[in-house]
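A.B. asks: Chains V and Z are the protein sequences, given in the same order. For the working numbering, count along the first sequence from 1 and bump the result up by 264. For the working numbering, count along the second sequence from 1 and bump the result up by 88.
Certain hints may be false.
[Unchecked claim] Here are the simulated lysine-lysine pairs, BS3-like style, with alpha carbons at most 30 angstroms apart:
1. 576/V with 406/V
2. 430/V with 418/V
3. 576/V with 487/V
4. 578/V with 137/Z
5. 118/Z with 137/Z
6. 576/V with 118/Z
Calculated from the structure, these hints are not laboratory results. Note that the structure is a prediction, hence the values are computed from the model and not measured.
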Amino acid sequence: MWDKGSSYPPAVYSSPTHYSPIPTGTHPRTNTPTLHVLTLVPADHSSRHQNMDLSHHGYRATKQRARPAPPTGDPVLFEDTSSAALGPSSQGYYASGYNMEGPPNDTQGGPGMNNLFADPMASAAMMYGSSLANRGQEIVNKEIGRFMSVNKLKYFFAVDTRYVLKKLMILMFPYTHQDWDVRYHRDTPLTPRQDVNAPDLYIPTMAFITYILLAGMALGIQKRFSPEVLGLCASTALVWVIIEVLIMLLSLYLLTVHSDLSTFDLIAYSGYKYVGIIFTMTCGLLFGSDGYFVALAWSSFAIMFFIVRSLKMKILTSVSSDSMGMGSSAKPQIRIYITVATAIFQPIIIYWLTSHLVR
Amino acid sequence: MAFTLYSLIQAAILCVNAVAVLHEERFLSKIGWGADQSVGGFGDEPGVKAQLMNLVRSVRTVMRVPLIGVNSVCIVLLLLFG
Numbered sequence: 265m266w267d268k269g270s271s272y273p274p275a276v277y278s279s280p281t282h283y284s285p286i287p288t289g290t291h292p293r294t295n296t297p298t299l300h301v302l303t304l305v306p307a308d309h310s311s312r313h314q315n316m317d318l319s320h321h322g323y324r325a326t327k328q329r330a331r332p333a334p335p336t337g338d339p340v341l342f343e344d345t346s347s348a349a350l351g352p353s354s355q356g357y358y359a360s361g362y363n364m365e366g367p368p369n370d371t372q373g374g375p376g377m378n379n380l381f382a383d384p385m386a387s388a389a390m391m392y393g394s395s396l397a398n399r400g401q402e403i404v405n406k407e408i409g410r411f412m413s414v415n416k417l418k419y420f421f422a423v424d425t426r427y428v429l430k431k432l433m434i435l436m437f438p439y440t441h442q443d444w445d446v447r448y449h450r451d452t453p454l455t456p457r458q459d460v461n462a463p464d465l466y467i468p469t470m471a472f473i474t475y476i477l478l479a480g481m482a483l484g485i486q487k488r489f490s491p492e493v494l495g496l497c498a499s500t501a502l503v504w505v506i507i508e509v510l511i512m513l514l515s516l517y518l519l520t521v522h523s524d525l526s527t528f529d530l531i532a533y534s535g536y537k538y539v540g541i542i543f544t545m546t547c548g549l550l551f552g553s554d555g556y557f558v559a560l561a562w563s564s565f566a567i568m569f570f571i572v573r574s575l576k577m578k579i580l581t582s583v584s585s586d587s588m589g590m591g592s593s594a595k596p597q598i599r600i601y602i603t604v605a606t607a608i609f610q611p612i613i614i615y616w617l618t619s620h621l622v623r
Numbered sequence: 089m090a091f092t093l094y095s096l097i098q099a100a101i102l103c104v105n106a107v108a109v110l111h112e113e114r115f116l117s118k119i120g121w122g123a124d125q126s127v128g129g130f131g132d133e134p135g136v137k138a139q140l141m142n143l144v145r146s147v148r149t150v151m152r153v154p155l156i157g158v159n160s161v162c163i164v165l166l167l168l169f170g
């Protein structure tokens, strides 16, 4: 566990005070892209689970690598809410979190106190190398930012443990969930941390990767495994996701359904069925063909219910472009058709992707 | 069926090619899908046919030139690697 709020361990090396550090270039302390989403979320996130999941850690580590300065603009997105309340010490948390990675890049303390190496040349080279890496990372971020909005993507990954657990429960048993509205905060949707109905991309990504691994294991059990098959399975599943998202986008565009479903939302909703796929395959592997069909039926109904309830909020109640009411008599029907067609498509895909793996 | 990513790319290229070769005045106007035949009143929902015609026209406008390059690359790859 990272010890939060403590500075980097005191110098056990000789402090090279006789050399001046090589200037490492300007850190974009004020240029970090902030997400103008949240201002009023309470910082008291006590009573969370004490153990954080490891992938959350891993994600946090790469986040730190990408940004040399702590993002002061959006502490709520990336504040760690799964442990005890941290509010005012988030600054120190970022400092210690960043420092845990390796030789610090001198953003927090005074100049020239990298007491890491006795050899000044090696530490100077280390600082230069890390500044080069930071520059490269900025360039990569800028290029990627041309194609898709990185801020919008960050919104989908702002999850915590509590949200993931609740969402998995809803995905597997959506019949008792009462309130399906996505809550807003001043016209912008809330992040998945505050609203359990908000779509996220963390669960679909993890479920997709787990599905690929499970498929490899299932093929290995049937003695049909080879590394190429793993890649083939991965690209097949990816192609189906892309096809489904494209069909959804095309139908939403052609039928002029003006909903606020973005591409990432559609990717998220179409990736949620991989949780059902994992459950089905696990039951099929453990309990044989009978367990497979029972689990297939269960997860099909659960996913259909979930998709219909979630998309109903987004598609059927969205504001159409004309409020005249002239052409709107056909609209609710079309929207219902779209929602139901999407829901029907899910079990077909679940069956298609898993039947050849569980004989 | 086992898709590879390359087969998806091939299918996409073929579909976009099919949309791009529809000629405006020789064909689309004859069957009533021309660009000047989508008379939509303001404040009215365009309808499926008008949206489809818009889509066809914009795909043709946007993808004409990049398709030249993409098709050439695809042809060279197919010649080299079968």
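A.B. asks: None of the hints should be skipped; say for each whether it holds.
C.D. replies: Comparing the hints with the structure gives:
no. : hint             : in the structure
1   : 576/V with 406/V : violated, 36 angstroms
2   : 430/V with 418/V : holds, 20 angstroms
3   : 576/V with 487/V : violated, 43 angstroms
4   : 578/V with 137/Z : holds, 24 angstroms
5   : 118/Z with 137/Z : holds, 15 angstroms
6   : 576/V with 118/Z : violated, 40 angstroms
When held up to the earlier numbered hints, the structure conflicts with 1, 3 and 6 and fits the remainder.
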